[in-house]
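With the sequences and hints as input, model every part of the structure.
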Amino acid sequence: MTFDIQEHARSAQAAYQAALARLNTARTAYETGGGAAYAAAKAQRDLLERKIKEADDEVRTAKDAYHQAWAADNFENTARVREVLARKHESEATCEALRVALARSEQDMQRHLLDASVQGREYDAAHGSAYAAYVRAEAYTALAQSGEAIARALALSVNVRSAGGYYDSDIGMPLGTLPADLLDKAIKGRQAYIHAALVAMASRHETHVDVPEIGACDFGALKARELLNPVQIHKVRRGGEAVL
Numbered sequence: 256m257t258f259d260i261q262e263h264a265r266s267a268q269a270a271y272q273a274a275l276a277r278l279n280t281a282r283t284a285y286e287t288g289g290g291a292a293y294a295a296a297k298a299q300r301d302l303l304e305r306k307i308k309e310a311d312d313e314v315r316t317a318k319d320a321y322h323q324a325w326a327a328d329n330f331e332n333t334a335r336v337r338e339v340l341a342r343k344h345e346s347e348a349t350c351e352a353l354r355v356a357l358a359r360s361e362q363d364m365q366r367h368l369l370d371a372s373v374q375g376r377e378y379d380a381a382h383g384s385a386y387a388a389y390v391r392a393e394a395y396t397a398l399a400q401s402g403e404a405i406a407r408a409l410a411l412s413v414n415v416r417s418a419g420g421y422y423d424s425d426i427g428m429p430l431g432t433l434p435a436d437l438l439d440k441a442i443k444g445r446q447a448y449i450h451a452a453l454v455a456m457a458s459r460h461e462t463h464v465d466v467p468e469i470g471a472c473d474f475g476a477l478k479a480r481e482l483l484n485p486v487q488i489h490k491v492r493r494g495g496e497a498v499l
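Convert by adding 255 to the 1-based position in the sequence shown; the result is the number in my numbering.
Think of the hints as simulated: they come from the structure by calculation, not from any bench.
There could be a bad hint or two in this list.
Listed next, the in silico SDA-like pairs over lysine to any residue satisfying Cα-Cα at most 25 Å (straight line) [as the list claims (entries may be wrong)]: (1) K490 with A380; (2) K318 with R354; (3) K490 with L369; (4) K440 with A451; (5) K308 with E347; (6) K478 with E347; (7) K490 with R366; (8) K443 with L433.
Just the calculated beta-carbon pair ranges, DEER-fashion [unchecked claim]: (9) A276 with G444: 39 to 45 Å; (10) V415 with H489: 55 to 61 Å; (11) A387 with K490: 26 to 32 Å; (12) A471 with T316: 24 to 30 Å; (13) V486 with N414: 55 to 61 Å; (14) A273 with T432: 46 to 52 Å; (15) T462 with A273: 22 to 28 Å; (16) G470 with Y448: 38 to 44 Å; (17) R265 with I449: 22 to 28 Å.
Virtual Cβ for every residue (Gly too), placed ideally from N, Cα, C.
As structure tokens, this is what we get:
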């Protein structure tokens, strides 16, 4: 069967467009679904932690004020002492309420972490697939443009003995008398200089480029290392707890 490089290039471009569509769907699902919910829960937790720190400071200040007022009033339950004591109780109650809210917020984070991990892993996989499809499309496009000239050079190289004589230096037998496995080795040896030249040319280029339409795989408030793995996802779904 004839190898149709133009058809392969068209197929690679179509596969790239399909991979981009999958990526866009996965990115949107993450950014508007689990990722957004997790970010909101994390922001609330961080806010509550700051408020608890402030409330703890207020409790300490209120306790000091109470002890000072009590001592100043000769340890009598005066109106001033009762007023300071009420402020102390109020700040302690506020601190306790904030801690209850923090516990609920952390539960919300656990719950949203599951959805964010499921959607995030699909996002990551789709991003990797899109970049791989981009590279394949670029490769087939380049071959469609210049591949025939390189292919012709490869074909001609088959008839050029690597040592310049009647025998190949690495085989020691005429090419036409070799068994299939050694024949393949001899042909690759004769074509190796073309591959070496391509590799040398490739070394001048970056091994990764930013593709605007692919973009970065950004998990936002959730760090990539925090994504639950498939075993952890299964455990949480069965009623276990993940560790943030």
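Any of the earlier hints contradicted here, and which numbers?
-> 6 and 12
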